[in-house]
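*Asks:* Based on the provided sequences and hints, a complete structural model is requested.
So in this note's numbering, spot 170 of the sequence shown is number 162, and the numbers just go up one at a time.
No lab work stands behind these hints: they were computed from the structure.
All C-beta atoms, glycine included, are put in the ideal place defined by N, C-alpha and C.
Keep in mind that a hint or two might mislead.
Restraint ranges, calculated between C-beta atoms of paired labels, are given here [as the list claims (entries may be wrong)]:
1. PRO136 with ALA43: 21 to 27 Å
2. GLY9 with GLU67: 31 to 37 Å
3. ASN86 with LEU26: 30 to 36 Å
4. GLY150 with ARG189: 16 to 22 Å
5. SER158 with ARG51: 16 to 22 Å
6. GLU194 with PRO76: 21 to 27 Å
7. CYS192 with GLY170: 29 to 35 Å
8. LEU26 with PRO135: 24 to 30 Å
9. GLY122 with LEU26: 35 to 41 Å
10. ALA151 with GLN196: 27 to 33 Å
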Amino acid sequence: GAGGLGCPAAFYLAAAGVGTLGVVDSDRVEISNLQRQILHSTANVGQEKVASAKEKLSRLNPEVEIRAHAVRLEERNAADLLTPYDFVVDGSDNFATKFLINDVSVALGKPFSHAGIVRLQGQTMTVLPGKSACYRCLFKAPPPPGEILNCQQAGILGALAGTIGSIQATEAIKYLIGMEEELLVDRLLTYDAKAMRFHCVEVQRDPQCEACGHAGKSERRQSSTA
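*Replies:* Listed below in structure tokens is the structure:
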């Protein structure tokens, strides 16, 4: 996404010269986005977010190829969108998309960085399919609609998005330069911006996980032979 998390992550990845950077987002820039989505400005209101992001990122580092995908990530297109890339950064703002990114990335064997932010709280973890716990090992299924406030309903401190998005970029860069042993795997990093505290929670891989465990593998085998 080219939102609160995706903007700082994409900014630092482009600055690092990752080579090719894909941005997937179907939304357009709104004035309410600007306190946290740092690739956009008032001049971009009404413009596709991916177009606005591509313009800023290309200006920052013209050596990086920016691929703008002005579509919504859905089950029908997720595999095609994620396959060309070496690492996936989850900058989505809803549970359905987070679970979709997890499930498709695990099925494709694509490492990815999960993150979530709301109000003054943030969290992030890195998933190495086949080697570490995945998002579903931590959260089995999306919560019922309306049970948990989303970003728009609860609000977000803009700087919080920058902090967590920057950590996601750090994880992506570490993976790309071969620092796999130093990644935030099997650990959920939480950040309380109000108390200014970071905390790591151990996450164990679930053998019965529907995405990465025996249950998920069995289901995929059945699907492939159906």
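*Asks:* Hints numbered earlier in the text: which of these fail when held up against the supplied structure?
*Replies:* When the structure is compared with the hints, numbers 1, 3, 6 and 7 turn out to be violated.
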